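Peer 1: For the record, the sequence lines run as chains A, B, C and D.
Residues 22 to 162 in the working numbering are what the first sequence spells out, letter by letter.
Residues 63 to 340 in the working numbering are what the second sequence spells out, letter by letter.
Residues 1128 to 1459 in the working numbering are what the third sequence spells out, letter by letter.
Residues 67 to 382 in the working numbering are what the fourth sequence spells out, letter by letter.
Just so you know, the hints here were simulated from the structure itself, not pulled from any lab data.
Since the model is a prediction, treat every value here as computed from it, not as a measurement.
All C-beta atoms in this analysis are idealised placements derived from N, C-alpha and C, irrespective of residue type, glycine included.
Any given hint could be a false lead.
Just a sample of chain C residues kept apart from chain B, beta carbon distances all over 10 Å, derived [what the hints assert, rightly or not]:
#, residue
1, 1133
2, 1161
3, 1188
4, 1201
5, 1244
6, 1311
7, 1333
8, 1389
9, 1398
10, 1430
11, 1457
Simulated pairs of lysine to any residue, SDA-like, Cα-Cα distance not exceeding 25 Å [unchecked claim]:
#, chain 1, residue 1, chain 2, residue 2
12, B, 334, C, 1346
13, C, 1381, B, 157
14, C, 1197, B, 337
15, B, 144, C, 1404
16, C, 1154, D, 139
17, D, 71, D, 201
18, B, 334, C, 1404
19, C, 1381, A, 73
20, C, 1381, A, 37
21, C, 1410, D, 136
22, B, 118, C, 1402
23, C, 1143, C, 1232
24, C, 1182, D, 373
25, A, 143, A, 28
26, D, 182, C, 1153
27, C, 1165, C, 1310
28, D, 271, D, 240
29, B, 118, D, 181
30, A, 137, A, 37
31, D, 271, C, 1174
32, C, 1182, B, 66
33, B, 337, C, 1454
34, B, 88, C, 1143
35, C, 1197, B, 316
36, B, 118, C, 1186
37, D, 271, C, 1441
38, D, 139, C, 1345
39, C, 1197, B, 281
40, C, 1231, B, 316
The lines below spell out each chain.
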Amino acid sequence: MAEDDFEPKIVAFLCNWCSYAGADLTGTSRIQYPPSVRVVRVMCSGRINPLLVLHALQQGADGVLISGCHPGDCHYIQGNYFARRRMNLITRLLEYVGIDSGRVQMSWVSASEGPKFADVIKKVTEDVRKLGPNEQFVREV
Amino acid sequence: MENPYVPNMATIIGLKEEVKGERAIKTFRVRFNDAELADSFDYIPGQCGMVTLLGKGECFFAISCSPTKKGYLEFSIMRLGKVTRALHELEVDETVGVRGPYGNGFPVDEWKGKNILCIGGGIGQAPLRSLIQYVMDNRKDYGKLDVIYGARSTADLCFMGELEEMEKRDDVDVHLSIDNEEEGWTRFVGFVPTNLTRIAPSPENTIAITCGPPIMIKFVIQALEKLGFTPDQIFTTLEMRMKCGIGKCGRCNIGNVYVCKDGPVFSWDVLKDVKGEM
Amino acid sequence: MDAVLKKDRLDELITKLGYEVIAPVRKGTTVSFETVSKASDIAWDYANSVVPPKKIFFPQTEELFAFDGKTIAERTPETIKRMVLGIRPCDARSFAILDPLFTKDFKDPYYIRRRENTVLVGLACAIPGRNCFCTSLGAGPFDTTGLDLLLVDMGDRFLVRSVTEKGKTLLTENEELFEEATDEAGTADEIRERAESAIKRTVDVSGLPEKLKTLFDHPVWEDMAQTCLGCYNCTYLCPTCHCFDIQDEVRGRKGRRIRVWDSCSNPEYTLHGSGYNPRPGRKNRMRNRILHKYQYYPDNFGVIACVGCGRCASNCPVGLSIVEELSTLGGI
Amino acid sequence: MDEEKMRDTVRDLLSTGKVASVIGYEKGELGQGARPCIITSPDDADRLILTPMCKHNLTVYLTLEPPTDPEKKKVALIVKGCDARALIQVLQERGVERDDLVILGVPCTGMIEPDKLYQEVIEDDILEISEDGDTFIIKTRDGEQTLKKEDVLFDECLTCTYPTPLMADVMLGEPVEPRGGEASDPTEGMSAEERWAFWSDKFSKCIRCFACRQACPLCFCEVCAGDSLKPNWVKRSVNLSENTMWHFIRAFHHAGRCAECGACERACPVGIPLMTLNKRMAREAEDIFGYSSGTDPEAKPLLGSFKTDDEEDFIQ
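Please build the complete structure, drawing on both the sequences and the hints.
Peer 2: Quick look at the structure:
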């Protein structure tokens, strides 16, 4: 598939309090961003079991984004700090085994950062578009 | 070559909620979509079917109606695991798959002319219901029919409507019980084996068939032996985790006996000598 | 009927006869059965593969049928002609043991079709493995049970011994590939005798099935299972273990029902929906594994479900050995 | 390794009733191999051995099927340096109570990999194995053979960082200095594509026998993510996709927990280099978070703790 024809599917896990609100603001501010993203709202980035990230890739997502509140701003005080450790390790594991680096990304987006959310989605989409469709360990059925 | 793993599709034509709550029980009446199969499908009371919900899996259930009821099959299913939970979500007109009949069933022909004593507990009444219906529909072939049935509470009693109807008849004796007192309950209160001992049926020319929780079966058999029943007069029907239903996948063995194929009906005469985990 | 196949004609055997040829192939430190396209792919000097060739007839994962919504699409029967080349006599014998299970009462179409369309060309063992004890089970390095043809390696050639009509037909229909045997049979006998005497492990299984019937409640099982880790090595790698699980795997409306190897060492294997487990401990599960092979299977099918390949012992992470276990049980 | 002191200690522990059972090693069925064994009688102390063939990590038996009988809870077990790390990790995660254990520590100079040894000597010919500095002296039927340790030890042992148990009630021998050195990684210098080719080849061989899980002292989850049907992380189909998922789960769940004993890799029948993955994750935990597992029973679990200044270069 030519790079241009490929419209990646990105699963974005957004925390309820910051990143999801940020995404909302992007919309209400009428800032454009690629339609590649499928949002899953979770209460906190600390709730995201890294296995969910693997699961999304296995089910055929071309990229996964995890986004939470900035450090110090977590609605649950420290959830995003746990998320940060986990995602650091899981992305390193994926990279080591040779899963295309860049398929899994993480960002901090606050409720007021509408433009940043659009930028993040643009970057993830472009990174994944360059990588092409995810074919590495996608499920047979 | 016929493929024994492929189910025949069937439609749910009737649903009855027997028991509510966490471990709810529903009776599903299904009819094969293939009209010819629907009319020709024959079985023996006590035999089982593998019920499929595509995408969820299969489970092995006793057919809870009698082969004298033509054109449909009934399964009484307790909501427990993944498949049964999904089955409980279904409504009339939805599709399931059924393959079978499997297992040996009750030797109803050999029992002709004998008194039949059914002793059930909880959902264990399902295979007995098939036998009871069969005996009622061939009433002249059998002697006295006694139905002893109990559950934890009135809310846990299955097939209550039918049993109450049967209580009114004079060609069958129904003895119901619940484990603990409840307001408005005028029948026996206590465990099924206790009720059995109280009623004290005569072993004379009688076959006793019991099905229910393993602990109940154990005490019912002890009670029957005390009443003078010999092991060859006592039958039980067992359950095990199953996958294939046709004696290949391994897991349902008790010793060298496979419950899916060699059972689920066993005479105590055979079972008492089988060494294996039940 | 004996014949001789020169090794330089092997490529023709593999490519010209229209079979998909499956043979032992060395991958890293282990040998496994794979499809081959030329003779040089084949590892002739192996003792035994880690994963037994039962996977050819009874693959670890097998689609039973596919479905879309409520519609079932049955698989079209496989008609591919296969030759398993270089299979060890013990592994071929395992099929003779499994045949009644898959063909009696309900016929298993997946196993039967593959079995019918496959010719088994065995390779006699010259140097048995360290845990081999096939001779204790009435077999041996030159056993032909289950085979259509048996090859005996003689350096630059194989002695080819036909066992079944199927094997004989293969020889006669392709006679240009084979030569007449001369004095090879004598050499083969010498190799056989040497191989048989190289098998150090023995266990007396006469009367064992009957004996085991008295041992169900014996405390020995507790001791035996004490250090078992409960992994599935001994069952998955056993050429006669045949237990399977059936699962539905779906994606949207579409899905498939598969069967996949399961193990009686897995607690979930017997776990009821209610949470009750009739075999809750390693003791119960190990007892079932051993009794199934040496008591239940002989009871039901008249043959011990063990070929003496020693894979369970070779691959046990904690050094448990079936030979020792059987000797212990037999000695009680 | 002080076999006699071990036997005396075990005999004493059992005869005085300080423990109900001892988890140790006995001679294997053939040759000079060793295997785990659990004894309850002081008379059986003589059955126990302590040799360079005692490769198993016995800590696994503490969590495999914990005794329900309180009378049988007190257990003594023999641990080498790496086993002790696993034990510390188990204690840290509250898998067992410290008070129920008597730990017999063995300072370890490395364990022999049987496959390597049997390439040099015929197994059944071996009569005795003894140590002499950097060599093993193998007494056989035909005489004596001297083998360099580095030629026959497990790869893990060659780069062991904790040969002396960090925790023990009784130490059976003098402390051993770590050998030092870095474990080699076969994927070193490979591109991402090559690494995926390498690992997908390994994962596709997996038959999901779960020997790696069962042999691991730290795999004691009540319901393993590899078994769970709800949620069904790993489908039962055995293929590259599901196998990869399983190996990701296994590797990730051992990050910051793995004791680097090598039990998983030794248990694998199809030769998947599980320790290469484990070691990589252990190094990541050390490099990023300065965390070394199995060294401090009071430490908080790596993924159950954080620092406010943890690395976040990877986050936008």
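Peer 1: Any hints this thing doesn't respect? Which numbers, in order?
Peer 2: 4, 8, 9, 14, 16, 20, 23, 24, 27, 28, 29, 34, 35, 39
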